[in-house]
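J.: Quick note, the sequences are listed as chains A and B, same order.
Numbered according to numbering that gives the first Met the number 0, the first sequence terminates at residue 661, and the numbering increases by one at each position without gaps.
Numbered according to numbering that gives the first Met the number 0, the second sequence terminates at residue 409, and the numbering increases by one at each position without gaps.
In case anyone wonders, no lab produced these hints; they're calculated from the structure.
Hints are not guaranteed to be accurate.
Here are the computed lysine-lysine pairs in the DSS-like style, where the Cα-Cα straight-line distance is at most 25 angstroms [said to hold, decoys possible]: (1) Lys257/A with Lys324/A; (2) Lys85/B with Lys257/A; (3) Lys257/A with Lys210/B; (4) Lys633/A with Lys85/B; (5) Lys374/A with Lys389/A.
Quick list of the computed label-pair ranges, beta carbon to beta carbon [stated by the list, open to error]: (6) Asp132/B with Asp415/A: 31 to 39 angstroms; (7) Gln232/B with Glu411/A: 37 to 45 angstroms; (8) Gly118/B with Pro517/A: 53 to 61 angstroms; (9) Arg124/A with Gly118/B: 34 to 42 angstroms; (10) Ala185/B with Pro89/A: 32 to 40 angstroms; (11) Asp246/B with Asp47/A: 54 to 62 angstroms; (12) Arg545/A with Gly118/B: 49 to 57 angstroms; (13) Ala599/A with Gly118/B: 34 to 42 angstroms; (14) Thr115/B with Lys619/A: 57 to 65 angstroms; (15) Thr195/A with Ile319/B: 31 to 39 angstroms; (16) Leu179/B with Ala125/A: 35 to 43 angstroms; (17) Arg124/A with Asp246/B: 47 to 55 angstroms.
All C-beta atoms, glycine included, are put in the ideal place defined by N, C-alpha and C.
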Amino acid sequence: MYIATALLALTLVAHGDSTDLFSDLERQVGAEAWQVLHQQPEAQGFFDALRQNEDWLREVLDSGPLLRPEKVLGFLQQVWNSERDLGTRPVDRSMATACALTLGFTDRPEDAVLQRYHYYRDSFRAGLLNSCYGGLATWERRFLARGVQWGNMADTDSLVYLRDRICWPRREYVSACWQAPYRSFNCLDDSVQRPTYYMPFQGSFGAMPEMVIEVGGVCGALSNLGASAAMANGIPAATMGEPGHCAYTVKISDTEWKPAYSLSWKRSLHTNFYDGTWQSLMLTEACFSDSESVARAADLARAAHALEQEGKLDKANDQWAKALKAHGLHYGLWMAWADFGERTAQDTAWWARYQNALLDGLQGHEGPAWGILSKRVYPKLFAELEDAAKLRTLLKWIRNQDRWGAGRWNVEGAWDWAFKQLDEKSQSKLESTLCKTLISSPDFGPPLVAWLLGKHDADSAEGKATLARILAASSDGGEGGSAVLKKLARSALLDAAARGDVPTFQIIGAQTARLSEPKDMSGIKPFPGDLVSAGGLLQVSGRGNRWDTPETHWGILGEHGGRCHTDNGASFIAVRLEHHTEITGIVIQNITGGQAGRAAGSRVEISTDGETWEQVGVLKGTKRFYTLDLEAKKHRALWVRMAKDTNCLHVTRFLVWGHRRS
Amino acid sequence: MSAFFFCVFLGIAGFNSPVDESHSYSAGRTLCAEQDAMLLVLVHGSDWHPFSERLFQEVWTQEAFIGQLGAGFVLSDVDILQTTDKTKRGPNTERNKGWEKKGSGLRTYPAVLAYTQTGTLIGSRQGRQLPKDLAGAQKTLAAFSVTCLRWGELTNAMDHARESGEGAKELALLIEREALDLDPSATLLADIKRLDPTDTSGHHARLSFPKWTTFVQQATAEAKGGKGAEAEQRLKAMLGNSAYTPDQRAVIQLALGSSYRRWEGHDTQAAACFQAAFAEAPDSVSGQAGRRLYLSSYAGPSLEFGWTKRHLVAKNTTWIIEDLPTDLEAGNYTLRLKLTKGKALRIASARLMIGEDIRVHIAQTSTLNKGQRECVLEFNLPEALADATLHLLLDGGAAGTGTIAWARVD
């Protein structure tokens with residue numbers, strides 16, 4: 000064992016890489032702090048062990064941002080002092096390093112972080128973690144080291160409780176949140192918004208998650224519970240905020256992060272390396288899952304730093320370009336190159352070249368790319384540009400857009416920002432170009448339409464002009480306002496529905512509903528709770544079939560009423576509710592006429608994720624109204640659908656009532 | 000990568016080869032019926048959970064363990080894989096046929112579930128009930144099998160008693176079986192009703208008691224809905240029934256206190272019920288909830304919650320602190336008061352009392368204000384005290400908040 004270690008060390012020293020890495024670490028720590036660290040007891044042994052271990056150095060340097068490196072090294076030194084073989088135990092070493100990096104990132108007490116390291120070390124040794132834990136890279140372990148948003152849901156007692164209480168196959172953790180009951184008011188009728196909700200029960204349970212499972216909670220508690228359960232079992236996860244809601248995500252395989260208990264694409268992750276958006280997580284995954292490219296690019300960046308220190312700025316700049324060419328997905332290095340640009344006071348031509356390189360390097364990750372452009376690049380460029388030149392710069396960005404890439408992002412915010420940079424004339428040109436370029440994009444078209452419609456009152460002159468502009472961009476022209484709305488429904492509305500984009504579906508749907516008169520609600524008796532279908536979206540199988548009228552889809556979900564028609568053959572009509580809901584009842588209003596019999600025999604199914612369905616009823620016979628009373632069943636769902644394998648389906652209303660559970 | 004570490008882990012473990020094949024679930028069910036035996040099922044995850052796999056390899060299939068269980072059991076296992084690769088899952092899916100997770104009693108992995116010959120769940124060992132070391136787990140499972148055998152004996156004895164018309168004996172056996180650390184029988188309440196229609200034994204009342212949160216929530220909702228009197232009548236009647244355990248009585252008191260709390264003009268009754276909940280079962284969740292609700296909302300200032308704006312601060316007011324440690328040894332103590340909000344608080348004197356009896360008296364005037372937010376009173380106890388309360392006589396002040404800490408000095 001010792002001989003093998005010594006040989007490994009000799010090989011690394013001969014290779015020379017670890018020396019460069021070690022020097023870079025020293026640079027990042029700074030001379031003064033470096034000296035202080037070396038004055039600690041047993042410091043020499045620790046730094047020797049680190050210097051001779053390239054893998055360990057890369058784990059420290061190349062696993063995402065390294066902040067407060069002196070604190071990071073101080074922690075590792077402390078662990079190494081009590082575990083001298085740490086460097087030779089790759090799993091524990093990587094976890095200790097992840098914990099150290101977290102300590103540099105947050106103000107969490109060192110004792111708590113050390114306890115977390117011990118928890119993972121001991122649980123792994125005892126074989127109590129999911130086997131994926133052994134193969135995690137250090138950057139993935141940083142999610143475990145950071146823990147969930149609620150600290151008391153991730154202390155050692157909580158982790159032990161969750162490890163034993165919710166130990167499941169990896170993919171199942173997306174439903175772990177439902178181990179606790181959703182209760183806005185506790186059994187004493189105290190609101191979850193007040194501290195008295197948990198106060199009477201504090202200290203009566205061994206750990207916070209146990210209390211939440213017994214007493215209840217709402218989205219914050221449930222999401223922290225679900226994410227912490229995954230983490231307690233060694234599976235990367237993170238809690239995340241959404242508008243008015245809290246959700247979480249779990250890494251359900253070696254490559255896939257899955258949102259859990261999520262309602263919206265507008266997510267803000269509580270554990271993130273650069274910024275909290277979902278797209279940033281996707282970019283982090285894409286970047287760090289390619290460890291060879293990360294190492295290659297980081298080595299080139301280290302060389303750039305060294306050249307800069309020697310005053311060779313042009314060569315340093317070339318080296319940065321090579322680093323980002325080697326791995327264009329490395330957000331951290333893009334930021335570091337921008338830092339270089341600012342430090343060395345580069346001119347607008349440099350920033351223009353940077354923009355081109357960035358758009359190329361972060362292709363497919365438009366959200367994060369926009370973040371760098373708007374915060375770092377455009378402020379430099381626009382300070383010295385006329386409006387026409389600004390517009391040309393922005394158009395370059397717009398024409399680069401094609402698909403969401405790593406997922407829906409706040410492109411509307413980007414358009415708003417871009418507009419604010421321009422005078423009225425240029426704004427008009429930008430709007431026109433946006434329409435021409437993006438209106439037919441299945442990804443950007445629907446939000447663009449919704450964004451444009453939201454800018455002006457539909458009946459105002461500006462609103463009519465906007466509609467005309469949308470029409471001109473989306474068709475061969477010559478049609479009236481109704482035709483535009485129909486066209487929108489057949490493209491943008493269906494695209495939004497297909498992508499589960501509820502706000503966009505609602506905005507466009509409400510506009511298109513102006514084309515039809517509201518239908519009579521008599522004969523429909525509401526169930527307890529809210530009409531949760533009304534704020535959701537509708538998916539109909541057989542998109543584009545000749546019998547369907549998408550402009551009346553929105554009305555089906557609420558009082559307005561509408562009509563939809565699937566294609567021939569196996570069919571479904573699915574409603575994505577506005578919230579996770581405990582369903583109390585469903586009313587499906589059939590069409591009238593000779594084809595009303597087609598609904599008979601349809602299965603009524605529910606789902607929490609739109610993928611796995613559970614049958615909760617059957618539509619029996621041919622009726623005007625099919626009513627399913629589900630109040631006693633307490634079914635929880637985000638999706639409800641009717642499905643049949645033999646013929647097409649059509650309905651006038653698909654109404655779902657229930658109590659919100661998110 | 001994950002698979003590599005998993006293999007290394009198992010390699011280090013150095014388990015012995017199994018001596019006996021564990022049956023598939025369906026084969027196990029068939030054998031149980033043939034042999035009139037109970038079915039023990041280990042649910043594990045061979046490709047994702049190292050400990051459960053070691054439990055399978057090093058305990059479940061080892062002669063020593065099987066010998067410990069003795070006759071009367073058929074052992075089977077269900078291996079739930081994590082991989083999504085259909086080719087890899089195929090053989091397992093085939094082997095697990097007949098197993099349904101829903102309704103199986105499985106909550107977490109690994110789990111050992113015991114079923115009757117007809118497939119009824121008897122009980123399980125999983126989660127915190129199954130130690131996470133092999134020796135501990137083996138010992139627990141051996142004890143579990145003994146409990147299951149006892150369940151079988153009691154069930155047989157109940158059958159005989161039923162056939163011979165010995166109702167009282169059948170009831171006694173049923174209650175003894177229910178006391179085993181296993182799952183409750185689905186027909187338990189119906190059986191008790193049949194054997195003791197008027198519930199003279201109180202078993203029905205005790206064993207049908209709902210989950211505490213449900214019980215408290217229902218009573219609270221009743222009061223909130225304007226039916227406080229009905230809730231009061233119902234809950235008081237329950238308190239008059241001696242069938243309930245102390246923990247259950249604490250739940251009833253908590254529920255009653257909660258309905259009074261939501262019933263205007265009943266604060267005094269609410270406070271008394273919360274105190275009573277604590278007195279009934281001090282260590283239970285409901286007892287502790289009662290104590291905390293009483294201290295935080297109705298009692299004088301306390302060590303746990305300090306003082307708040309609802310506490311009077313007028314001259315000659317006496318604050319009675321009720322949550323001192325029950326037993327105080329002889330020695331020196333400090334009482335530290337800290338003003339966190341408010342303008343001032345003046346303390347004229349402090350006394351440690353048992354009932355009406357003054358044991359220690361300190362006539363020390365202390366003033367807390369914005370310039371001096373903290374004061375410390377020192378107590379010397381020449382002898383040990385039990386169930387003492389602390390009385391602070393105030394010399395006036397302004398409404399505010401603060402903390403109170405009691406500590407042994409030496």
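J.: Determine for every hint whether it applies to the structure shown.
T.: Structure-based check of each hint:
1. Lys257/A with Lys324/A: Distance ~30 angstroms between Lys257/A and Lys324/A Cα, so the pair is violated.
2. Lys85/B with Lys257/A: Satisfied, since the Cα-Cα distance of roughly 20 angstroms is no more than 25 angstroms.
3. Lys257/A with Lys210/B: 34 angstroms, violated
4. Lys633/A with Lys85/B: 33 angstroms, violated
5. Lys374/A with Lys389/A: 15 angstroms, holds
6. Asp132/B with Asp415/A: 31 to 39 angstroms: The hint (31 to 39 angstroms, Cβ to Cβ) is violated, given that Asp132/B and Asp415/A are roughly 59 angstroms apart.
7. Gln232/B with Glu411/A: 37 to 45 angstroms: 59 angstroms, violated
8. Gly118/B with Pro517/A: 53 to 61 angstroms: The hinted range 53 to 61 angstroms holds for Gly118/B and Pro517/A, with Cβ atoms some 54 angstroms apart.
9. Arg124/A with Gly118/B: 34 to 42 angstroms: 38 angstroms, holds
10. Ala185/B with Pro89/A: 32 to 40 angstroms: 51 angstroms, violated
11. Asp246/B with Asp47/A: 54 to 62 angstroms: 60 angstroms, holds
12. Arg545/A with Gly118/B: 49 to 57 angstroms: Cβ of Arg545/A to Cβ of Gly118/B: about 52 angstroms, so the range 49 to 57 angstroms holds.
13. Ala599/A with Gly118/B: 34 to 42 angstroms: 36 angstroms, holds
14. Thr115/B with Lys619/A: 57 to 65 angstroms: 37 angstroms, violated
15. Thr195/A with Ile319/B: 31 to 39 angstroms: Because 23 angstroms falls outside the window, the suggested range is violated.
16. Leu179/B with Ala125/A: 35 to 43 angstroms: About 30 angstroms separates the Cβ atoms of Leu179/B and Ala125/A, which means 35 to 43 angstroms is violated.
17. Arg124/A with Asp246/B: 47 to 55 angstroms: 38 angstroms, violated
Hint compliance for this structure: hints 1, 3, 4, 6, 7, 10, 14, 15, 16 and 17 are not met, and every other hint is.
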